[in-house]
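Asker: Given the structure of chain A, go ahead and fit chain G onto it with the hints provided.
As you go down the protein sequences, you meet chains A and G in turn.
Residue numbering for the first sequence follows full-length UniProt numbering, starting at 1 and increasing by one per position.
Residue numbering for the second sequence follows full-length UniProt numbering, starting at 1 and increasing by one per position.
Honestly, I wouldn't trust all of these hints.
Said to hold, decoys possible - Take a look, some chain G residues computed to stay more than 10 Å from chain A by CB distance:
| no. | residue |
| --- | --- |
| 1 | D60 |
| 2 | G139 |
| 3 | A239 |
Said to hold, decoys possible - Dumping the calculated EDC-like pairs for lysine to aspartate or glutamate here, alpha-carbon to alpha-carbon at most 20 Å:
| no. | chain 1 | residue 1 | chain 2 | residue 2 |
| --- | --- | --- | --- | --- |
| 4 | A | K122 | G | D39 |
| 5 | A | K122 | G | E41 |
| 6 | G | K94 | G | E182 |
| 7 | A | K122 | G | E255 |
| 8 | A | K122 | A | E55 |
In short, the hints are calculated from the structure, not lab data.
Just so you know, even glycine gets a beta-carbon here, dropped at the ideal spot from N, CA and C.
Listed below, chain by chain, are the residues.
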Amino acid sequence: MRILRAAWLIAAVGTMLLPVYVMLVVASAPDDTDLRGLVFNGFHLPDNIGVLFGEGNLPIYLRNSLILCVGTGLLDVIFSAAAGYAMAQLSFPGRRVLFALVVGTLALTPMVLVIPVFLIVKEFGWVNTFQGMMVPGMISAFGVFLVRQFALGIPKELLLAARVDGAGEFRIFARIAVPLLKPALITLFLVHFLAQWDNLLWPLIVANEQELWPLPVGLANFQSEVGVTYHLTTTAALVTAVPPFILMVALQRYYVAGLTFGGLKR
Amino acid sequence: MRTRPQATAGVALTLPVAVFFVVFWLVPFLAAIYLSFTDYEMAGTPNWIGLANYERMFADPGFLNSAWITVVYTVCTVVPTIVLALLVAVPLSKPGRLNRWLRALVMIPAVMPLAATSMVWVIIYSDRGLANTLLGLVGVEPQSWLTSSDLAIWALVVMVVWKSMGLFVIILTAGLQALPGEVYEAAAIDGSGAVTTFTRITIPLLRRTLLFVLVISVAGSMQAFVPAFLLTGGGPADATQVLPYYIWANAFPYEHMGYAAAMGMVLLVAMVIVSALQFGFLKGGDE
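With the rest of the complex left out, here is chain A (with noise of 0.2 Å):
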């Protein structure tokens, strides 16, 4: 029973690695003659990436993703913090409005919302623009959601006390519950990361101009960049996976805690 499972479990594990393992042969090709990505012939991975960077838009988009979504992920940060602290912690007027209409957004799907946001983008003159690209997407009502229910935790007296001692509101929010909240934001810069790094569909329509794009527009157009050459494709692809899967490694933790939120707390 137990060597049955431990069969079952490496077997489908091993299948769910196979592509990955593909991706890695494939991309250490000398050339695209064996696309079975089963044997490795020699790993000319540095090589691959050597041509990529020395010609061609790779690093261009490379250098895009990053602004993008460390971007996007502080000030998602920033924002959904002050504000998600306050929905938990403090009254004012207006809050319960407020929560509606972050919670309202949670049940929107972006394929409604996109033709109306490329109006308005287009109004402001931010089409082909970096704002135009990460403005519409900086601030997400997950975000918002998690910190507030991370925040629901902060004891009151806690904040009672900090209050009598005569400390002002805005230094509460900055000296005491930014640090308790700091497990919340980490994961919350990790999944706004890991999201907007996928992300193809806004570059996709905002940004037409070569020197915008992000890792996944760059991807999509690549076949025409280089020509059909599938390993140095797929060495692009590679490059492309590599920093989500460092940030995991790293945060492996928060990964897990941004996945599990919806399902497990309330």
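Answerer: Structure of chain G alone, referenced to chain A:
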């Protein structure tokens, strides 16, 4: 107890978020409803045409085809993904050194960007790729996975099942590990078999996590754009033209914004109904 400094700080801390959600969510949502009743085409001004877009939809073979493909795609990605993920997660959630390693490995496919994995699956599905190599081992002719109108949709489905599985295994494993161990000990003492334990104890206790996985899985499939865009471009002959792809194609390359907005509203209403059904269905057992 509402005090002045609290009210001031509360408004100040939430103001950016409030403005953001009004400008980029509430206004666009209302604008989408309005546009769906107009003939807006990007150039020119929107003219009110009442329900014409909605009437047009149900006579448009492109829309009907896309709606049907979305239904097939959603059912055929959600059901196998959840079943397979459960079959892996239940044994994987047990303690042990091997399982700890395997749980870490499962995260690798889960964290890979869809844009990157799509490129890899293009290779796997290519004429000389892994899919045909494996079929060759059992003596089946090579297939044109992404350019055959019969196979392309199933090629997408297999990729998406693979991609979502890692994610769902992690979520379900975490849910299973959070279940109280005493219940299982009691069941073992009562001589409950593995299958009985699974159907009578694990599934009911895991209901909340399962509901969560089901909801995000269905919502994800109903609005999936990237796989069709990257693997097949909606083709061949519209065979993989899921509704989000059709909406995007109408709105942006073709600039039929009013019509696309109307289709977006239909998708939204369908998604709301489907989520409500899921909550009703799985919450029904809650005492």
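Asker: Against each hint, give a clear statement of whether it holds in the structure.
Answerer: The hints, checked one at a time:
Its beta-carbon lying about 17 Å from the closest one in chain A, G:D60 satisfies the requirement of being farther than 10 Å from that chain. With a least beta-carbon separation of about 17 Å from chain A, G:G139 lies farther than 10 Å from that chain, consistent with its non-interface assignment. At roughly 20 Å, the least C-beta separation between G:A239 and chain A is larger than 10 Å, which holds for a residue marked as non-interface. Between A:K122 and G:D39, the direct Cα distance comes to roughly 19 Å. Compliance with the 20 Å bound is thereby established for this hinted pair.
Distance check on the hinted pair: A:K122 and G:E41 sit about 14 Å apart at the alpha-carbon level, within 20 Å; holds. A C-alpha spacing of about 14 Å is found between G:K94 and G:E182, which places the hinted pair at or below 20 Å, so the restraint holds. At most 20 Å may separate the alpha-carbon atoms for a hinted pair to count; A:K122 and G:E255 meet this at roughly 14 Å. About 33 Å separates the Cα atoms of A:K122 and A:E55, which puts this hinted pair outside 20 Å; it is violated.
Of the numbered hints given earlier, the model fails hint 8 alone.
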